[in-house]
Amino acid sequence: MTARDRVTPLVLTWNEEPNIGRALDSLRWAKRVVVLDSGSTDRTEDIARAFPNVSWHVHPFDGFRLQTLRGVREAATAGEFVLALDADMQVPPTFLDELEENFLTGDFVGGRVGFAYRYGSRSLWGSVYPAQVRLFRPERLRVTQRGHGHKFAVDGPVYRFAARLVHDDRKPFRRWLDTQARYSLDEVRALRRGDPARLRDLLRRGGFMPLLAFASGYLTAGGPLAGRAALRYAYERAVFEALLALRLLRGEEEVR
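If you read the sequence shown in our numbering, its first letter stands for residue -18, the second for the next number, and so on.
It is worth saying that the hints were derived from the structure and are not from the lab.
A couple of the hints might just be wrong.
What the hints assert, rightly or not - Label-pair distances were calculated between CB atoms; the ranges are:
1) 209 x 155: 17 to 27 Å
2) 126 x 61: 24 to 34 Å
3) 9 x 126: 25 to 35 Å
4) 61 x 134: 16 to 26 Å
5) 87 x 9: 41 to 51 Å
6) 155 x 102: 34 to 44 Å
7) 200 x 86: 10 to 20 Å
Everything numeric in this text was worked out from a predicted model, so none of it was measured.
From the three backbone atoms N, C-alpha and C, an ideal C-beta is built for every residue, glycine too.
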C-alpha cells in the first residue's frame, strides 16, 4: 500500500483562511485529511470543505496537547500513520517521495522532519526551529506541552527525513502580533511554574534573549545573502523574546 492508504494527515486550525488552502492543496495525495477546527469565524471551513478528501471536525480549543490527542484519535481510524501538520505548513513533492521510498519501506514508528521557512516566494537558508517528530504510529505517540509549544515523541525507531516541510505563514500582521503576545504569556507561566530549566530560560530571566534571538535568527536565516527575508525573520524572533522579557520585568500582574 502507498502513502495514500497508510498515512492520514491531521491539521489543527483556527481562523486560518490565509493559509489552509495551500496546506490542503499539498495534501491531495491523501485519501483522507482530518481537519480539527477550534471554532473559526472566517472562511476556513468553506475552504477546507472544498477539498473532497477533507474530514471536518470542530472542538473548542483547550490546549495544544489535548486538541492534538483528540485529532490523532480521529485520524487513527483511517490509516497506519498520522502526519501532524500546522495550517501554515505544506508537504512538498520531495517529502512525499522520501515518505514512499524510504520511510514506508522501513520498520519505523516515527519520522523526524525539519522545516524550510518561506515568506511568500522567498525561502530562508535556515531557521532556529528544530526538527520535530511529525509522522508517527498513533499507538506509540506521547505528547507533552511546555509553555505554548507541544512536542511529539514515540517509543521506537525514528527516521530522519532529508526533505523538509514548508512553513509559510501569511496571516495578517495584527493576528501574528496577537499570537506572539499570547504565546509569550504561556512561556512566562511555564517559567513561573518552575518547569525544568533550559539555558534559554536562564537567558530569558536575565533579559538577554531579545538581542540573542535577533542575532541568531538573522545569521541562521542567511544574513545579508537572504536579504529582507532574513531581517524579517530576525525581527520576528526578537519581538517574541522582547514581549516575553517585558512580561518578566513587569512582574506577576502580567501573568494573571
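Results for each hint:
no. : hint                  : in the structure
1   : 209 x 155: 17 to 27 Å : 20 Å, holds
2   : 126 x 61: 24 to 34 Å  : 26 Å, holds
3   : 9 x 126: 25 to 35 Å   : 31 Å, holds
4   : 61 x 134: 16 to 26 Å  : 19 Å, holds
5   : 87 x 9: 41 to 51 Å    : 25 Å, violated
6   : 155 x 102: 34 to 44 Å : 23 Å, violated
7   : 200 x 86: 10 to 20 Å  : 37 Å, violated
Taken one by one, the earlier hints fail for this structure at numbers 5, 6 and 7, listed in ascending order.
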